[in-house]
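Engineer: Given chain A's structure and the hints, the job is docking chain B onto it.
Single-letter residue listing:
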Amino acid sequence: MYDSHLRKIFGSQTDQFRQSKVLMVGAGGIGCELLKDLLLMNYGEIHILDLDTIDLSNLNRQFLFRQKDIKKSKAMTAQQAVSHFNHASKLVAHHGNIMDTNMFPLSFFTQFDIIFNALDNLEARFYVNKIALFTKIPLIESGTSGLKGQVQPIYPYETECFACIPKEQPKTFPVCTIRSTPSKPIHCITWAKNFLFPQLFGDDVSDQDKLKPQDIESDNKAEIEALLKESNELLDLKVLVNQAAPGDKSFVSKIVEKIFKEDIERLLRIETLWKTREKPEPLRCEPATIERLDGQELWTVEENLALFIDSTSKIAQRLKQGPVDFDKDDEDTLDFVVSAANLRSYIFHIPMKTKFEIKQIAGNIIPAVATTNAIMAGFSALSSFHVFHATMKEKVSKSRMVYDSNQPTRFVNTSGLAPRNPKCPACSVTRGIITIDLSRFTIDELRKAIIDKYGYSDDIGIAEGTRLLYDYDFDDNLETKLDKVCSYGNVLFISDADDELDSLELLVDRGDDLELPELEVPAKMVPEENKEEEGEEDDLIMEGDDLIMESDINGLDGPKRKAEDSTSPVKKRKLVADEVEVIEL
Amino acid sequence: MNDNEVNSKYDRQMRLWSSSGQKRLVGSAVCVVEANAVACETVKNLVLAGVGQIVLLDSERVSEEDLATNFFVVAEDTGKLRGECVAKHLGELNPDSAVLHEKTPFESLLTDPSFWSQFDCVVNCRLDPCVRLIDLLWELSIPLLHAHSIGLYSLVRLYCEERTMVETHSSRADDLRIDAVWDELQEYVDSVDEASLAEVPYSVLLIKVYQEFMREHGRRPSTKEARQRLAQLGDEENVEEAIKKAALVTKRSSELNEELAQLMQEKVDLSTASSFWILVEALKQFYEKHGVLPLSGSLPDMASNTEEYLKLQSIYRAKHETDKEELTKLALQLLTQHNRAEQIAESEIELFTKNCSVLEVHRGSKKVWSSDMLSESNPVLQNTNIYFGFLALNTFYKEHKRHAAPKDQSEVRALAISELCRWETLKSFPDGLELVLDELLRAEGTALHNVCALTGGIASQEVIKILTNQYVSFDNCLTFDGVRGQTGSWKIE
Chain A
56 MYDSHLRKIF GSQTDQFRQS KVLMVGAGGI GCELLKDLLL MNYGEIHILD
106 LDTIDLSNLN RQFLFRQKDI KKSKAMTAQQ AVSHFNHASK LVAHHGNIMD
156 TNMFPLSFFT QFDIIFNALD NLEARFYVNK IALFTKIPLI ESGTSGLKGQ
206 VQPIYPYETE CFACIPKEQP KTFPVCTIRS TPSKPIHCIT WAKNFLFPQL
256 FGDDVSDQDK LKPQDIESDN KAEIEALLKE SNELLDLKVL VNQAAPGDKS
306 FVSKIVEKIF KEDIERLLRI ETLWKTREKP EPLRCEPATI ERLDGQELWT
356 VEENLALFID STSKIAQRLK QGPVDFDKDD EDTLDFVVSA ANLRSYIFHI
406 PMKTKFEIKQ IAGNIIPAVA TTNAIMAGFS ALSSFHVFHA TMKEKVSKSR
456 MVYDSNQPTR FVNTSGLAPR NPKCPACSVT RGIITIDLSR FTIDELRKAI
506 IDKYGYSDDI GIAEGTRLLY DYDFDDNLET KLDKVCSYGN VLFISDADDE
556 LDSLELLVDR GDDLELPELE VPAKMVPEEN KEEEGEEDDL IMEGDDLIME
606 SDINGLDGPK RKAEDSTSPV KKRKLVADEV EVIEL
Chain B
1014 MNDNEVNSKY DRQMRLWSSS GQKRLVGSAV CVVEANAVAC ETVKNLVLAG
1064 VGQIVLLDSE RVSEEDLATN FFVVAEDTGK LRGECVAKHL GELNPDSAVL
1114 HEKTPFESLL TDPSFWSQFD CVVNCRLDPC VRLIDLLWEL SIPLLHAHSI
1164 GLYSLVRLYC EERTMVETHS SRADDLRIDA VWDELQEYVD SVDEASLAEV
1214 PYSVLLIKVY QEFMREHGRR PSTKEARQRL AQLGDEENVE EAIKKAALVT
1264 KRSSELNEEL AQLMQEKVDL STASSFWILV EALKQFYEKH GVLPLSGSLP
1314 DMASNTEEYL KLQSIYRAKH ETDKEELTKL ALQLLTQHNR AEQIAESEIE
1364 LFTKNCSVLE VHRGSKKVWS SDMLSESNPV LQNTNIYFGF LALNTFYKEH
1414 KRHAAPKDQS EVRALAISEL CRWETLKSFP DGLELVLDEL LRAEGTALHN
1464 VCALTGGIAS QEVIKILTNQ YVSFDNCLTF DGVRGQTGSW KIE
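Residue numbers (the working numbering), protein chains in the order written: chain A, 56 to 640; chain B, 1014 to 1506.
Think of the hints as simulated: they come from the structure by calculation, not from any bench.
All C-beta atoms, glycine included, are put in the ideal place defined by N, C-alpha and C.
Every clue listed holds true.
Derived lysine-lysine pairs resembling DSS-like cross-links, with alpha carbons at most 27 Å apart:
hint : chain 1 : residue 1 : chain 2 : residue 2
1    : A       : 313       : A       : 276
2    : A       : 508       : A       : 478
3    : B       : 1504      : A       : 203
4    : A       : 203       : B       : 1036
5    : A       : 126       : A       : 369
6    : A       : 76        : A       : 453
7    : B       : 1414      : A       : 63
8    : B       : 1324      : A       : 334
Among chain A residues calculated to face chain B with C-beta under 10 Å, some are:
hint : residue
9    : 61
10   : 64
11   : 113
12   : 116
13   : 118
14   : 140
15   : 386
16   : 425
17   : 437
18   : 456
Bound-form chain A, shown alone (with noise of 0.2 Å):
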């Protein structure tokens, strides 16, 4: 062990390294290398957790995993990867989702002392975020996106949590605008890859997931019927993938039959559509005989209409083996969907895209590099030894929360931590663990107890997420055993229908009994009338002479903020996730 040198900066700090657990969620690009930072700070045991397999496109930053890794999981290489160099630390791999409650239950999380999130989606972020909130255990969390990043520590209920400031929600389009009236290129590759390929080559489409004329916003009845038609022919097209024989390509000509030339003929017959809009013109073209295409260039029709035909019978020869998802690094999905996103902007007079702008549209893809994740990684392996002091309020002040620059003079910059939003969805609530065994308590007995214990009137509800398990008019369940309505990890959201308590969220966790937390649970507020002045926000903020516009990465914009000791405000502060849902239809 080579401590003498953490020692000497560390002092007595060094052995409470030594004796920590820590839990480490992602083994992506920050995660590789916080992984080789937790390491050399000599921590106790680390856990590496992480769902996804190695792929070629995670060569160029993550640098436990070599060519001969590609599909292996990564938490299990990344421990590998590690163990022939020297290094005290415990270490424990786990290949799963983060989210999976029966791989991970609330005791899982527990045993450690700190949580570093080095994750790619905001989804997961916000269930650690939220974890974080149940066990009060230090969170680390960090992203990058590009040349910038930020980490933010969080000290549940001290400080701002993830969710207090919030995120950009995911950009959607009106079914209309993908399926019958499109003008950017994004409308047609959220065709291809969000309706077109599932619809061809995706599980059987359940009676959940068929359109119904009420999804279509639209009042133009010709419309909604020709969408409809549409759907159920292409069920005819589904048979035909599904039966397709080896080699066989003819029936794939059929597929650009219907949906680039019926399909858009059919449109055209509705007339209204096309008084102010240029009309679609349906495909006339011969496939090109294509060999090597260049992803960097631009392709013709004719190239299109050729790779069209050749993914789409190879997706088909796959699919016979087994189901295929879109995968921005599976080529022929790939293919596939710029080939047909491509074909639909050509009918529609929109430009066409190279592969690699739509690569970079369908696949969400954040750019990324190994010298931010460096960066990052470095400021949050850092950031931990902060847990460390004795008084929160010393591990609150001495926290620095990073986030990237726009000032010459900062490179990054850093702030103290912010104090918690009250008005959070996520850290205002009261919450607590229940230890319960489901079997023997039915939802009455549950009730009885909740009421009991808080002080609420007779009058409560209890859901499960969205699923109500019983209030004042629906108490059909009363008599039901907890384990047939919920189970352990769910969390139970108890409200006042009397308005006079709080809400109280209860995560279900395993137990012999029913025993629930001590808590107060405070006197509901009495929601402010909120009118905030709208639009006086500008989006172009002046600086000098210079505008300085907004770019367009997928980062979040959180307010604005001072930066600490700088002398003049910092613009915006931008929360960057890796990874951001962008399109969903």
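Structural biologist: Same frame as chain A, but now just chain B:
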């Protein structure tokens, strides 16, 4: 690996610097002096990014300190040549990148310019900034980074005579010319009648509102006034976008940003200057003639009827082409006037025209220290103190051939004062310098891996900016303060 696979491997970073940047990385050679943790972390990031060749200059042997701070050595390496061990481990990270070890002592290479001239960039990771190396590379016009870390502190410094940056990736490069339309654009704007207002991109609405207001009031509208007018146009998506971007009506197309105005005033000898300066002079002539810069030609994504958007786009593109041609002619004239035979590549002129409003030039300095840095008015005084602390420790190390420790406190303080007095008369220690020195002494020259990784991250990021000649680098000194979790950067003139 075929091209396709190479492209997929570097896909996520090529979205930052495109295939042209990647090509430059592949064709680059970098020398890293010393194979300590900061060096290895820097090299790791360069290897991953696909830099073609990296030479590690090191003649030390692997010590226990290395094992404690450097991830890229293993226990079995103890006592072996350090550069050789880490070159092997780092080389394994990416088969596209050659990591070589050079064991010739650093000092003896200082007399050999031919060794250094094979590199596009050099990173010195020793404590000593080494004035001889700075001078040598300055002469050779090779950018030099100095990066080092002790305890919770680190520094990164760039020595480079001149950096001219075209592809700055500034989001300000778009120029819609709301207040300076040309004939074709005016014709198009006039052709848009009330009935088709909902069909056109927001920039057209802004132009209409701007011109209307000018006619009525003889002055340009404020953002608020423009918003009020736009609000009357309805609630279509393009109107909403226009309202969001209303501040654009206040932007004067004729106005140059300060850096560019200064750039145009520079006196450069055009008979020897790089093509960048020829183009700047051409730009100046263009601007003097037209009162505006050549058009960048790119139109941001805007809500619109596709056909109208495409029409508008082609108008902007055509204007861009015309402006570019004129700029090219001016540049060619300048070349002829100065009896220069060379040509400027079309691709270079295209990039220059696209980015002409956001060009940046950094002029570096060879000075290791400048006296005005420790003044009270320095906004990053604490960071400057750290930089100075490193210099003081270096002086101590040179004298004693060992790292300063807490017991050397009084000597190091005295040393720091005498160093400071060489440049200016000081009444007292700068605020906070004593604490910085104490913190540095506590570490006794040892590094923390964590801080090294962060520092290597910053250093490699700057190397990549230099090699690709994209993005704007820091200018020209930076320190990291791990006690306060903060970076600070300033310029040594």
